[in-house]
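As you go down the protein sequences, you meet chains L and V in turn. Residue numbering for the first sequence follows our numbering, starting at -12 and increasing by one per position. Residue numbering for the second sequence follows our numbering, starting at 1254 and increasing by one per position.
In case anyone wonders, no lab produced these hints; they're calculated from the structure. Quick reminder that beta carbons are idealized off the backbone N, C-alpha and C, glycines included. Be careful, since some hints might not be right.
Stated by the list, open to error - A few chain L residues that don't get close to chain V, going by computed Cβ distances all over 10 Å:
1. Q(-11)
2. P5
3. T11
4. G14
5. I40
6. S54
7. L77
What the hints assert, rightly or not - Derived CB-CB ranges, DEER-like:
8. T1333(V) <-> T(-3)(L): 49 to 59 Å
9. R1281(V) <-> Q49(L): 41 to 51 Å
10. Q84(L) <-> G1315(V): 34 to 44 Å
11. Q57(L) <-> S1265(V): 25 to 35 Å
12. V1338(V) <-> T(-10)(L): 22 to 32 Å
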Amino acid sequence: SQTIHQWPATLVQPVGSPLSLECTVEGTSNPNLYWYRQAAGRGLQLLFYSVGIGQISSEVPQNLSASRPQDRQFILSSKKLLLSDSGFYLCAWSGGQGGQPQHFGDGTRLSIL
Amino acid sequence: AQKVTQAQTEISVVEKEDVTLDCVYETRDTTYYLFWYKQPPSGELVFLIRRNSFDEQNEISGRYSWNFQKSTSSFNFTITASQVVDSAVYFCALTERSGGGADGLTFGKGTHLIIQP
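Take these sequences, add in the hints, and give me the full structure.
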């Protein structure tokens, strides 16, 4: 069966520090991969998605970036964190065909001080 | 542009009551997919159901049922005989068919359901 792992679960970082969140999927090949952010008390916002290695699409302009160095690995990064980057970050995967359900990791709670 | 509206920010009911969570969507596409997800206090998102735009049959799964009506652009979720374990934030989401094969979800803002014992 397919599983998705996301780490770390919790992270506290100072303003201006770099960020790297990692997500890996097991039990499937060539998944679509996604990064979402959930700000406190709000819905989820799609940040990035990827249909294959090295293929990244960004949905919103920001100081975050994403990379997919391997088929089942998706990384969210920042060179310099802002206070507004605080939130709950969720990684998800889906099958390659359109309209497939997305399955989410446990998320990372990021607090910027 | 697509949009999902969950007008109920928070609902509180007593255990064993039935409760309906409303979802209204907007899309210009004729092919689209609707989803419901559950987010318990632990934070992970749990997939509950998917419905495509060509399938208007209502679905029942145990105490859960979903009513999809294209005429009113609604996809409502009913929990029968609610239980404390149903307490969570519930999200309705929409995606349109995309040629690229990756379908980002547009989420509503969620409904916080509180089931009181």
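Each hint, compared with the structure:
1. Q(-11): holds (12 Å)
2. P5: Per Cβ check, P5(L) is outside 10 Å of chain V; nearest 24 Å; holds.
3. T11: holds (16 Å)
4. G14: Nearest chain V Cβ is 16 Å from G14(L), so the label holds.
5. I40: With a cut-off of 10 Å, I40(L) remains clear of chain V, as the shortest Cβ separation is near 13 Å.
6. S54: Holds: least Cβ distance 16 Å, greater than 10 Å.
7. L77: violated (6 Å)
8. T1333(V) <-> T(-3)(L): 49 to 59 Å: violated (36 Å)
9. R1281(V) <-> Q49(L): 41 to 51 Å: violated (26 Å)
10. Q84(L) <-> G1315(V): 34 to 44 Å: Because 27 Å falls outside the window, the suggested range is violated.
11. Q57(L) <-> S1265(V): 25 to 35 Å: At roughly 45 Å between Cβ atoms, S1265(V) and Q57(L) fall outside 25 to 35 Å, so the hint is violated.
12. V1338(V) <-> T(-10)(L): 22 to 32 Å: holds (23 Å)
Hint compliance for this structure: hints 7, 8, 9, 10, 11 are not met, and every other hint is.
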